[in-house]
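**Q** Residue-level listing of the chains:
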Amino acid sequence: MLKALKELGLGFMSLLVGMKITLQQFFKPTVTVRYPRQALKMPKRYRGHIMLVRDKDTGKPLCVACKACEKACPSDCILVDGVKREGEKRKSVTVFKLNFTQCSLCGACVEVCPVDALAYSKEYNLASTRKEVFAQMDLYQRMMEEKTP
Amino acid sequence: MTLPEPYRLLAYLVGILTFVGLNAAYLVWVERKVAARIQRRPGPTEVGPEGLLQPIADALKLTSKQVLVPPQADRVLFRLAPLVVVAPAMMCLATVPFSAALGAMDFNLALVLVFALGSINVLAILLGGWASRNKYAIIAAARVVSQNVAYEVPMLLVVITLLMVTGTMSLREIVEQQAGGFWRWNILRLAANPLMPVTFVVFFICMLAETNRAPFDMAEAESELVAGAFTEYAGMGFGVFFLAEYANIVVGCALATILFFGGWHSPVGVLPGLFWFLLKLYLLIFTVIWVRWTFPRTQFYKLLNLSWKVLIPISLVTLVLTSAMLKLF
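Heads up: the protein sequence lines correspond to chains R and C, in order. Per the working numbering: the first sequence ends with 733, consecutive numbering throughout. Per the working numbering: the second sequence ends with 437, consecutive numbering throughout.
Chain R extracted, bound-state conformation:
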């Protein structure tokens, strides 16, 4: 009898403890962000689709079209081509296509790149009604259309 009463009292106290916790949360500030109006900054190590990196001085892509990424890609989703322009020691990239529908964001291409010309973008708002948009992402053209920073 006494044991049952003690158990009952303890049980009731545990309910009050739970209610105290929720009340404390009630008075704390909210932590969620009203997404379309505010957005969190993507963390440093976020892996979006890959993108070409510019040379800070010339504004041109660092890529030398060595095709190491093309070979490293386990899903065969990168297609690179380049030309050797006159007066330049290295090749310049002219085509860089990514099949993002097959890319698993493994990062082998970024790892293997000898000149650090590839990086992860921070883009996550990717949506389209057509498959081709992602099956043939032209990263070179995308970079050219981008305004130089």
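Worth flagging that the hints you see were computed from the coordinates, not collected in a lab. Because the structure is a prediction, the values reported are computed rather than measured. Any given hint could turn out to be false.
Claimed, not checked - Here are the simulated DSSO-like pairs of lysine-lysine, each with C-alpha atoms no more than 27 Å apart in a straight line:
no. : chain 1 : residue 1 : chain 2 : residue 2
1   : R       : Lys604    : R       : Lys644
2   : C       : Lys410    : R       : Lys604
3   : R       : Lys587    : C       : Lys410
Model the placement of chain C on the given structure of chain R, informed by the hints.
**A** Then chain C, alone, in the frame of chain R:
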């Protein structure tokens, strides 16, 4: 201010309907806001400032939906159930004295009327669940009936305890007895029954169970029974059940205010009675919402165990104790 009888009647009718409608609409908003705050979210923000127009948007959406009756269902009972569930809840409010001067009806058996009408709620959910011809609805309806039968017993035992102390069933007289400072409120009448706060806790738990609120929301156990007894209801049919749920919470909390917290009496002696009544009412309603977002739903047999093995013995003890104290002192 006294109006001639027909006008007074009309004024109170309109007043109570408005009160119930506004409460049902805005308690949904309050509930969503409180739930959000407890979970550290902002809650509704899009429709109007701070989401204040959200209930109106919800109501418009519900009313614009097609009213569907399942082909297998019992048409008459199916359409009748929402009416049966909402009418008694509104009728109960007629007996509630909001302040010394504001109360639609005062008669000596008000408390009995409230409990008689209050139990119709179960009948309506049973009707709705049965008429739906849906297994989830029938399971939920059966659960609700056994739950309400179980919780009606300790609830009424507690009320009998209180009636022995007050000696009247008129809600107005019960409130008038508690005048003169908060130590005169029934919850602190320790001379008549040292277990009075426990009595209130039992009453509050039973009230949660009677209004089918979480953690006792067996009527609408979303995760187990789709939407319980309301599964087949579309649009405003469901809306009316929802309205009735909030109306029942208002009635239950108003009753708790009157029986335990001195109704319209102020603890400090300033501001009008209506203000204090509504303040106590909404604090209790806040507690109801707070409880809902703190505890998960209980299992069904634990729910019945709680009633038969814990609440009924406790309420019997308080009943015996009160009668002994009244006889001795």
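**Q** All the hints need checking, so say for each whether the structure fits it.
**A** Structure-based check of all given hints:
Pair hint Lys604/R plus Lys644/R does not hold up; C-alpha atoms about 60 Å apart against a cutoff of 27 Å. The suggested pairing of Lys410/C with Lys604/R holds, with an alpha-carbon distance near 23 Å, which does not exceed 27 Å. Under the criterion of a C-alpha separation no larger than 27 Å, the hint pairing Lys587/R with Lys410/C is consistent with the structure, at around 19 Å.
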